[in-house]
Amino acid sequence: MNTRVGKSILTVLFGAMLATPLVLRYTSTSNQPPESTDAETALARHGFYLEEVSQAVGITFTHQAPRLDPRLDHIMPQVASLGAGVSVVDFDRDGWQDLYVTNSGEGSRNALYRNRGDGTFEDVAQSLGVADVNQTKTGVSMGAVWGDYDNDGFEDLFLYRWGRPALFHNDGGGGFTPVTDQTDFPAWVNANTAIWFDYNRDGSLDLFLGGYFPETINLWKLTTTRIMPESFEYALNGGRNYLFRNRGDGTFEEVAEAMGLTSTRWTLAAAAADLHGTGYPDLVLANDYSVEEIYFNEEGKRFVEEGVSTQIGAAPKSGMNVSYGDVLNQGRFAIYVSNISQPGVLIQGNNLWVPEEPESRRYQNLASVLGIEMGGWSYGAQFGDLNNDGSLDLFLVNGYVSGRENTDYWYDFTKVSGGNASIISDAKNWPAMEGRNFSGRQQSHLWLNNGQGRFLDVANTVGAADRHDGRAVVLVDLWNRGVLDVVVANQRGPLLVYKNTVAPDRQWIGFALEGHAANRSAVGAQVELFWNGKRQVQEVSGGSGFAAQNQRRLHFGLGADPQIEQAVIRWPSGSMQTLEAPRPGMLHVVEEPN
Numbered sequence: 119m120n121t122r123v124g125k126s127i128l129t130v131l132f133g134a135m136l137a138t139p140l141v142l143r144y145t146s147t148s149n150q151p152p153e154s155t156d157a158e159t160a161l162a163r164h165g166f167y168l169e170e171v172s173q174a175v176g177i178t179f180t181h182q183a184p185r186l187d188p189r190l191d192h193i194m195p196q197v198a199s200l201g202a203g204v205s206v207v208d209f210d211r212d213g214w215q216d217l218y219v220t221n222s223g224e225g226s227r228n229a230l231y232r233n234r235g236d237g238t239f240e241d242v243a244q245s246l247g248v249a250d251v252n253q254t255k256t257g258v259s260m261g262a263v264w265g266d267y268d269n270d271g272f273e274d275l276f277l278y279r280w281g282r283p284a285l286f287h288n289d290g291g292g293g294f295t296p297v298t299d300q301t302d303f304p305a306w307v308n309a310n311t312a313i314w315f316d317y318n319r320d321g322s323l324d325l326f327l328g329g330y331f332p333e334t335i336n337l338w339k340l341t342t343t344r345i346m347p348e349s350f351e352y353a354l355n356g357g358r359n360y361l362f363r364n365r366g367d368g369t370f371e372e373v374a375e376a377m378g379l380t381s382t383r384w385t386l387a388a389a390a391a392d393l394h395g396t397g398y399p400d401l402v403l404a405n406d407y408s409v410e411e412i413y414f415n416e417e418g419k420r421f422v423e424e425g426v427s428t429q430i431g432a433a434p435k436s437g438m439n440v441s442y443g444d445v446l447n448q449g450r451f452a453i454y455v456s457n458i459s460q461p462g463v464l465i466q467g468n469n470l471w472v473p474e475e476p477e478s479r480r481y482q483n484l485a486s487v488l489g490i491e492m493g494g495w496s497y498g499a500q501f502g503d504l505n506n507d508g509s510l511d512l513f514l515v516n517g518y519v520s521g522r523e524n525t526d527y528w529y530d531f532t533k534v535s536g537g538n539a540s541i542i543s544d545a546k547n548w549p550a551m552e553g554r555n556f557s558g559r560q561q562s563h564l565w566l567n568n569g570q571g572r573f574l575d576v577a578n579t580v581g582a583a584d585r586h587d588g589r590a591v592v593l594v595d596l597w598n599r600g601v602l603d604v605v606v607a608n609q610r611g612p613l614l615v616y617k618n619t620v621a622p623d624r625q626w627i628g629f630a631l632e633g634h635a636a637n638r639s640a641v642g643a644q645v646e647l648f649w650n651g652k653r654q655v656q657e658v659s660g661g662s663g664f665a666a667q668n669q670r671r672l673h674f675g676l677g678a679d680p681q682i683e684q685a686v687i688r689w690p691s692g693s694m695q696t697l698e699a700p701r702p703g704m705l706h707v708v709e710e711p712n
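Residues in the sequence shown are numbered from 119 upward in steps of one, following the numbering used here.
It is possible that part of the hints are untrue.
As the list claims (entries may be wrong) - Restraint ranges, calculated between C-beta atoms of paired labels, are given here:
no. : residue 1 : residue 2 : range
1   : 683       : 480       : 29 to 35 Å
2   : 282       : 683       : 48 to 54 Å
3   : 340       : 282       : 14 to 20 Å
4   : 477       : 255       : 45 to 51 Å
5   : 245       : 341       : 37 to 43 Å
6   : 553       : 463       : 15 to 21 Å
7   : 351       : 180       : 33 to 39 Å
8   : 293       : 480       : 45 to 51 Å
9   : 635       : 425       : 28 to 34 Å
10  : 244       : 334       : 30 to 36 Å
11  : 300       : 465       : 46 to 52 Å
12  : 295       : 480       : 29 to 35 Å
Said to hold, decoys possible - Capping the alpha-carbon separation at 27 Å, the derived lysine-lysine pairs in DSS-like fashion look like this:
no. : residue 1 : residue 2
13  : 339       : 546
14  : 546       : 533
15  : 255       : 339
16  : 255       : 546
Honestly, the hints are just simulated from the structure, not real lab data. Keep in mind the model is a prediction, meaning the values are calculated, not measured. Glycine included, every Cβ here is placed at the ideal spot set by N, Cα and C.
Produce the entire structure from the sequences given, and follow the hints as far as they go.
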């Protein structure tokens with residue numbers, strides 16, 4: 119494998135012309151600390167501060183939940199508790215990150231918030247053809263992921279629903295054309311996760327789709343109420359999973375069974391990354407009512423499930439999130455899976471699976487040791503360096519169903535959870551909720567990594583203490599300032615945008631990658647950065663967390679006075695590229711060498 123020394127393109131992202139080689143300069147005062155004691159205290163103690171600005175920047179989205187078959191009315195808040203998702207994309211390639219937000223009410227509209235580049239956003243989903251996608255006959259949105267499946271330079275949209283999956287081709291940033299009829303997608307899937315990844319490294323993005331309820335169930339027209347999990351620990355009666363191989367001609371072939379992905383657990387989240395240095399992306403699934411699953415990729419020919427032997431999947435929990443991060447700056451990924459923890463009732467604890475040694479297939483759970491185990495009823499989580507100190511932090515959203523105050527559904531819930539399979543699996547046996555609270559109004563967690571193996575929850579002191587029923591969270595530099603902002607999608611609640619202010623002495627560096635032999639989105643490409651005696655690896659993702667997708671760019675915080683030695687890029691094609699001493703404070707746009 120030859121190592122090539124590549125020259126990066128240093129570009130400023132304050133305009134629409136990405137090819138203009140300019141130096142990124144901080145002349146605006148928009149990144150100065152707000153004039154408040156809380157902000158000053160947060161900056162002094164933690165190096166950053168978050169301000170919720172959604173209304174101020176033109177984002178007024180509120181999620182709506184579906185109304186399903188009336189026979190589910192007594193537990194409707196539980197069954198219809200999913201669907202609030204958010205994904206990041208620069209759909210028009212103007213250099214500013216946009217947001218696509220899913221809605222789930224019948225007749226409700228999804229939103230595509232185009233970043234105007236002046237600090238504000240406008241919803242263009244209706245005019246571009248990706249708004250009216252939630253109907254009883256086609257199903258309602260559960261989330262969306264972006265990937266350039268035809269390698270034309272523009273990110274295409276895959277929408278997964280409780281209903282028919284949908285693929286929209288991006289027509290040069292000026293609109294979207296539905297192309298689902300040209301694919302081999304199933305007519306109906308009750309899906310709650312999807313990711314783009316190039317599992318066979320042929321240069322075209324493939325698609326994984328995870329089922330939750332079985333695909334034979336239409337939640338609006340039930341033929342039976344026996345639609346619930348058969349167990350709260352080892353349920354195998356969920357939806358099937360799908361793997362669509364991209365043929366490279368705009369069509370897809372379903373190959374899940376041939377590739378060894380035959381699970382029918384209740385999958386809520388999936389993510390892919392090269393976990394042990396083979397060059398091929400492995401797959402991790404978070405399953406509700408069951409164990410986690412880790413599938414190792416055998417050179418693109420088959421996925422082999424090795425959960426118990428790795429310790430991942432050794433104990434059943436309620437998996438709802440999968441995200442990766444080099445949290446210990448060791449050049450290897452830890453895997454974060456969220457679960458349920460309700461004091462006095464159920465303590466599952468979230469999992470942070472860390473490989474025991476480099477390229478190891480055996481993991482140990484260090485969530486408790488690092489202080490990120492107890493999260494509440496946890497959903498989406500993402501790793502990112504929010505204060506640019508050189509260590510990855512963790513943002514986690516929580517809360518199941520917010521009902522009437524001073525009420526609690528947990529006692530009645532335990533009545534059915536202790537029953538046998540015939541009782542649990544039939545929705546008519548589940549006690550009526552009657553508007554009661556079920557682990558709702560839980561605060562988000564923002565765990566700050568101290569770089570020494572411990573995390574500290576600073577959500578209250580940095581301005582991120584909302585108590586909506588959180589589902590998805592993404593990290594994205596919305597205003598091209600070299601900091602990660604936070605966007606949270608809430609079930610039956612508002613889309614929240616947190617603008618980040620970071621202490622001015624903290625440096626950063628960014629990488630925007632574009633493949634040639636590899637897929638053009640560069641999904642699966644890894645950048646390992648070496649600076650000041652430290653190292654950290656990140657990978658371009660085609661979707662991670664719960665119902666979420668972060669920005670395509672990779673963002674590294676560097677701390678004060680960074681001296682960068684090199685950045686080593688491993689492309690999904692297998693080629694290597696080294697950038698010697700890349701300059702901090704800039705986004706480096708790097709094309710894969712031909």
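Structure versus earlier hints, numbers of those that do not hold, lowest first: Going through the list in order, the structure violates hint 12 alone and respects the others.
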